[in-house]
Amino acid sequence: MAPTATTLKQLLQKWRKAVAGTGYPQPPVYTGPDIRLERLVEHTGEVEPGSAFVARVRATSDGHPYIGTALARGAGLIVGERPVGALGIKIPDGVPYLQVDDTAVAMAWLAAAWHDFPARELVMIGITGTDGKTTTSNILHQVLRTAGIRAGLLSTIRAVIGTTEESLALHVTTPEAPVVQQYLRRMVDAGLTHCVLEATSHGLAQRRVGAIDFDMAVVTNITHEHLDYHGSYEAYRAAKARLFENLNHRWGAPARSTQAPAKTAVLNLDDDSYQWLAPIPSGRVLTYGLRPDADVYATNVTYAAASTTYSLHLPEQTVSVEATLVGDFNVYNMLAAAAAAHALGIRAELIKAGLEAVQALSGRMERIDAGQPFLTLVDFAHTPNALERAIAAAQRMVQANGRIITVFGSAGKRDVAKRHLMAEISARDADLTVLTAEDPRTESLAEILETMAEGCRAQGEVEGVTFWRIPDRGRAIYHALSLARPQDLVLICGKGHEQSICFGTTEYPWDDREAALTALRALAAGKTMPDLGLPTF
Numbered sequence: 008m009a010p011t012a013t014t015l016k017q018l019l020q021k022w023r024k025a026v027a028g029t030g031y032p033q034p035p036v037y038t039g040p041d042i043r044l045e046r047l048v049e050h051t052g053e054v055e056p057g058s059a060f061v062a063r064v065r066a067t068s069d070g071h072p073y074i075g076t077a078l079a080r081g082a083g084l085i086v087g088e089r090p091v092g093a094l095g096i097k098i099p100d101g102v103p104y105l106q107v108d109d110t111a112v113a114m115a116w117l118a119a120a121w122h123d124f125p126a127r128e129l130v131m132i133g134i135t136g137t138d139g140k141t142t143t144s145n146i147l148h149q150v151l152r153t154a155g156i157r158a159g160l161l162s163t164i165r166a167v168i169g170t171t172e173e174s175l176a177l178h179v180t181t182p183e184a185p186v187v188q189q190y191l192r193r194m195v196d197a198g199l200t201h202c203v204l205e206a207t208s209h210g211l212a213q214r215r216v217g218a219i220d221f222d223m224a225v226v227t228n229i230t231h232e233h234l235d236y237h238g239s240y241e242a243y244r245a246a247k248a249r250l251f252e253n254l255n256h257r258w259g260a261p262a263r264s265t266q267a268p269a270k271t272a273v274l275n276l277d278d279d280s281y282q283w284l285a286p287i288p289s290g291r292v293l294t295y296g297l298r299p300d301a302d303v304y305a306t307n308v309t310y311a312a313a314s315t316t317y318s319l320h321l322p323e324q325t326v327s328v329e330a331t332l333v334g335d336f337n338v339y340n341m342l343a344a345a346a347a348a349h350a351l352g353i354r355a356e357l358i359k360a361g362l363e364a365v366q367a368l369s370g371r372m373e374r375i376d377a378g379q380p381f382l383t384l385v386d387f388a389h390t391p392n393a394l395e396r397a398i399a400a401a402q403r404m405v406q407a408n409g410r411i412i413t414v415f416g417s418a419g420k421r422d423v424a425k426r427h428l429m430a431e432i433s434a435r436d437a438d439l440t441v442l443t444a445e446d447p448r449t450e451s452l453a454e455i456l457e458t459m460a461e462g463c464r465a466q467g468e469v470e471g472v473t474f475w476r477i478p479d480r481g482r483a484i485y486h487a488l489s490l491a492r493p494q495d496l497v498l499i500c501g502k503g504h505e506q507s508i509c510f511g512t513t514e515y516p517w518d519d520r521e522a523a524l525t526a527l528r529a530l531a532a533g534k535t536m537p538d539l540g541l542p543t544f
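In our numbering, the protein residues as written are 8 to 544.
Please note that a few of the clues may not be correct.
For each label pair, taking beta carbons as the anchor points, the in silico distance ranges come out as [claimed, not checked]:
{"id": "1", "residue 1": "ASN307", "residue 2": "GLY533", "range": "39 to 49 Å"}
{"id": "2", "residue 1": "GLN466", "residue 2": "ASP109", "range": "41 to 51 Å"}
{"id": "3", "residue 1": "HIS50", "residue 2": "ALA93", "range": "15 to 25 Å"}
Derived by calculation from the structure, the hints in this document are not laboratory data. Computed from a predicted structure; not experimentally measured. Cβ coordinates follow ideal geometry from the N, Cα and C atoms, glycine included.
Work the whole structure out from these sequences, hints included.
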């Protein structure tokens, strides 16, 4: 169990010992007196007397101006990037100031050292990609548990530690490094041996999953997303690549207490990412896909409205799988999980059992049923690739002569280019499109919707006939459902499992599933859509 408190010199010594003889970042040199530290934080609101405050530098924020506040609240240690003379404040005697090259890197290593490097005591499987990360993480976690492996899960939706499940914060990507390391320590203390960790591009770029010794790296796909943050597709790819570069590093002490597998990269042979990811790992590479030249592949795939069946070909055996997950994208997610499970030595029959035990995930092609004569699905698809594949899955589920009606938006303060792309995809592949709000944040919702409307018009769609823009998300869902006829399918995309929607800087409670149920019940009763509390109503 990691200590609730430590001393500065103990913390630095643990870091130094872990990276001895490696190319990993070394701790800063400190020759002053030792001090007791009670907490490791990066937000001034969490500072208590004796806290170590790390002045994190991010793309859009800088912790250095808040050092004075941290000191006023009793911080006992400051970690920053600027020279102490450039801070513009006096650091009190007795409060050490550690200057580091990168506060994000330092935070990762300090957090890992604080919790005694728990990842070294677990078999660590990192899963990244543009779409399907959460689903693949949950599928693999289920397969591991079905095989009798004591595995934990840390995804953007939830953390699972044994029988304990905890939801994560609103709009979270990968949690911050101290939170990640705390969860890993709890997993070790609970007697778990494996951890499936969803690694987002933000989490990788910001070193939130730094100081973790990954045994396996899995990619789902890499397409257009998050260019608002990364600046370019090349920078986005580079962030994803960090997970695979990690496989090439060798750690020093402390030694593992578990039997770790050979370092393995699991790659999607059918995705463009394969070409540039394959040369990175120096160890084992295992591929999956729908092509027979992949190490793990599927044939005889049959899609139904409530299930998918296929033959799963593993290197040494073929088994038949009947899963409740629908759509070709979920076949890829299951193949990724199956390849990872195979690399961990799990037998084919247990992989099959695990895949068949997976239930539909919250907000992932989730059915909403209020007795209506048409299908209604809620999905998290919020990228061009995910929307295209969700519509493709819907096309296989819709009844003869049925239409697909989509409802979605595009988030503010995020990748601008995907707004036009997503609208074009829906106009091209769906029958009717309803454009609406999706976390506009501080951007003009009207301007976002106009950009999306341009995408629809570029495909020859006519506003008020084949597409609509309705700012209020509740009313948009209601309108889409009101258009539906028997045999149709209404696909509500973009929010999925999320429990809030952001206007300005305020998070309003929101759940697409509850909104859809409310709208269906109102329609059945011949009533209008009630106010669900959004400022657009």
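Tested hints:
1. A hinted range of 39 to 49 Å for the beta carbons of ASN307 and GLY533 is consistent with their spacing of about 47 Å.
2. Checked against the given bound of 41 to 51 Å, the beta carbons of GLN466 and ASP109, roughly 45 Å apart, stay inside it.
3. Checked against the hint of 15 to 25 Å, the C-beta distance between HIS50 and ALA93 comes to roughly 22 Å, which is consistent with it.
Every hint, counting from the list given before, is met by this structure.
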